[in-house]
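Trainee: Protein chains in written order, with this note's numbering: chain A, 381 to 591; chain B, 381 to 591.
Honestly, the hints are just simulated from the structure, not real lab data.
Note that the structure is a prediction, hence the values are computed from the model and not measured.
A portion of the hints provided could be inaccurate.
Claimed, not checked - These stretches of chain B come out as covered by chain A in the derived footprint (C-beta under 8 Å, 3 or more residues): (1) 409 to 415; (2) 428 to 441; (3) 510 to 523.
For every residue, glycine included, the Cβ atom is placed at its ideal position computed from N, Cα and C.
2 protein chains.
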Amino acid sequence: MPPRFGPAFQDELAALLEWRRDVRHFRSDPLDEDTVAELLATAQFAPSVGNSQPWRFVRVRSAELREQLALHADAEVARAGSSMSEERRTAYSVLKLHGMREAAEVIAVFCDDATAFGSGLGAATMPETRRYSVVLAIHTLWLAARAKGLGLGWVSVVAPGHVESVLGVSPDWRLIALLCLGHPLEPDDRPELERRGWQSRLDWRANVSER
Amino acid sequence: MPPRFGPAFQDELAALLEWRRDVRHFRSDPLDEDTVAELLATAQFAPSVGNSQPWRFVRVRSAELREQLALHADAEVARAGSSMSEERRTAYSVLKLHGMREAAEVIAVFCDDATAFGSGLGAATMPETRRYSVVLAIHTLWLAARAKGLGLGWVSVVAPGHVESVLGVSPDWRLIALLCLGHPLEPDDRPELERRGWQSRLDWRANVSER
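Build the full structure now, drawing on both the sequences and the hints.
Mentor: Below, the structure written as structure tokens:
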């Protein structure tokens, strides 16, 4: 029989979903291997189109490759800033956008666009649903990590082709996210982008309409 | 202070993530409005690139529009089947791919690719992260619904442009998913695609490598 979830669990889940946070400030102490394995296994219970399981996780263990990726992200962060208005640039300059040098783990997540798994089911009209499936796996990992008190940050200020080439992955693999995973440096409350006045949260009703 | 989650919650969360299921068999009795509102609000606690919140939820309340979408999905399901090998077609023909005629709610979810929210932060090199943010909101809704004993099914056998035109949304909006939400007809255990021999689950280690 499938599990049944009571009101206490539902409330705690809502608290997790509401507070989740993207973490960019990490301590550097390592995670134990069992925890990393458990999280990578849990992530793969995510739904995927046609059950194609197109997610490919690459743990970046090499310090040299990690530094190459961090330098690339630094350069892209600077480049994005240089095209902003002066007012925006001031707000931008105080944001920390990645914790790739400190986090215990850097994990690159790819979509195998050419997987034969799932035989194309559900992807005929929307092939992008393969990549969306990988996003679902990342979110699954994210929530499981946060429930364990760990931090996760999604770095997107990188050029996918560059990351694919640094890590030497198959030409069929497309970068979906570069993740930092580790012990958070400080307790998080409000999102950094809200706290620092970058972008506040809308009332949820603003994004709902009817037909 | 941020919430702390104990081992009992972590175990129950793991059970939810593992069992979650894509639901295609629904009863037709309605959901109460408070539940729908709560789920649509919870979904919007999802992370989004630059806090851009680009998700746009459209509840399809009109029976006529719903039937137009169901007919379109039926046609696309048939079309996808016609290009399959005979062996695959037999397996395919017994799959139920959507519950759009029965589910209490049909909700189309779009990404506003042109939103000014978030001022482009994090989307300079990977503009697709806006659409990925919408996927994160859908997954958030999915988990919250499942924890309440409700079913959710993601329909992707539709042509996005057709759905956008039937629902008359802004030209900047791109369809990410058509969702069925309601009371599941039967308890689910294993995924329908596994149960019916379409595609089994891989060992998680197969999708993890190191550099």
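Trainee: Does each hint hold? Answer for all of them.
Mentor: Checked hints:
1. 409 to 415: violated (count 0)
2. 428 to 441: holds (count 12)
3. 510 to 523: holds (count 8)
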